[in-house]
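Chemist: Residue numbers (my numbering), protein chains in the order written: chain U, 1 to 115; chain L, 116 to 226.
Keep in mind that the hints are not guaranteed to be accurate.
DSS-like mimics (lysine-lysine), calculated; alpha carbons at most 27 Å apart, straight line [said to hold, decoys possible]:
| no. | chain 1 | residue 1 | chain 2 | residue 2 |
| --- | --- | --- | --- | --- |
| 1 | L | Lys137 | U | Lys11 |
| 2 | U | Lys11 | L | Lys130 |
| 3 | U | Lys70 | U | Lys53 |
| 4 | L | Lys124 | L | Lys137 |
| 5 | L | Lys225 | L | Lys180 |
| 6 | L | Lys218 | U | Lys57 |
| 7 | L | Lys130 | L | Lys221 |
| 8 | U | Lys70 | U | Lys57 |
| 9 | L | Lys137 | L | Lys218 |
Sample of chain U residues lacking proximity to chain L, with all beta carbon distances greater than 12 Å (derived) [what the hints assert, rightly or not]:
| no. | residue |
| --- | --- |
| 10 | Gln6 |
| 11 | Pro8 |
| 12 | Thr13 |
| 13 | His41 |
| 14 | Asp56 |
| 15 | Arg96 |
FYI, nobody ran anything at the bench for these hints, they're computed from the structure. Here the structure is a predicted model, which is why all the values come from computation and not from measurement. A virtual CB, placed ideally from N, CA and C, is assigned to each residue, including glycine.
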Amino acid sequence: DAGITQSPRHKVTETGTPVTLRCHQTENHRYMYWYRQDPGHGLRLIHYSYGVKDTDKGEVSDGYSVSRSKTEDFLLTLESATSSQTSVYFCAISERLAGSTDTQYFGPGTRLTVL
Amino acid sequence: AQRVTQPEKLLSVFKGAPVELKCNYSYSGSPELFWYVQYSRQRLQLLLRHISRESIKGFTADLNKGETSFHLKKPFAQEEDSAMYYCARMNYGGSQGNLIFGKGTKLSVKP
């Protein structure tokens, strides 16, 4: 499973509270991503990282921030959780190799419920 | 904006029947396309990459540039094929490519 773990796997929190999700990889891949998965929407990119301290916004970045202080960890923070952020969050990693198609490998997901 | 369209939310077939999961993409040069599968409450797994032209678990997918399609096919469906299937394409914007996913098709294979 490409050495990707996510924590916690499940979380229930209340509106207005901060939440941090962690993605950890043992593959030393350069690129890391956070997606959210919602019925009827598929997977949508929140933020991604192309190296330590290098991050960029995705399609649905509002209300989320990220940090990457080490190659192996990519943190997703909801500063003040809202019910619309109830979702399943997936982390992914990739290592784009010259001359080959990039392939992303996914973590097991975190199911977040905001009451 | 680049898009990936999977027109069917749900596809239900009987075991042994042929399966075709449709995927269309917005035209943009030479796309890099993928199929991912997600079994119940599990992580997404890469099923196919168009560039490698491989067959995994009996599934194949051919890129048709004229129709901008990348349909996933299997001649004889099995019950264990029941899952969510996502078509995705690589989007090379910003500092690194990211995947754009379709909304997914749930395949249900009945005994």
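Chemist: Next, verify each hint and record whether it holds.
Modeler: Okay, the hints, checked on the actual structure:
1. L/Lys137 - U/Lys11: Distance ~35 Å between L/Lys137 and U/Lys11 Cα, so the pair is violated.
2. U/Lys11 - L/Lys130: violated (37 Å)
3. U/Lys70 - U/Lys53: At roughly 8 Å apart (the allowed maximum being 27 Å), U/Lys53 and U/Lys70 satisfy the hint.
4. L/Lys124 - L/Lys137: The hint holds at about 10 Å.
5. L/Lys225 - L/Lys180: Between L/Lys225 and L/Lys180 the Cα gap is close to 33 Å, so the pair fails against 27 Å, i.e. violated.
6. L/Lys218 - U/Lys57: Holds: L/Lys218 and U/Lys57 sit about 20 Å apart, inside 27 Å.
7. L/Lys130 - L/Lys221: holds (15 Å)
8. U/Lys70 - U/Lys57: Satisfied, since the Cα-Cα distance of roughly 19 Å is no more than 27 Å.
9. L/Lys137 - L/Lys218: holds (12 Å)
10. Gln6: violated (9 Å)
11. Pro8: holds (15 Å)
12. Thr13: U/Thr13 clear of chain L: closest Cβ-Cβ about 21 Å, beyond 12 Å.
13. His41: violated (6 Å)
14. Asp56: violated (5 Å)
15. Arg96: Violated, since 7 Å does not exceed 12 Å.
When held up to the earlier numbered hints, the structure conflicts with 1, 2, 5, 10, 13, 14 and 15 and fits the remainder.
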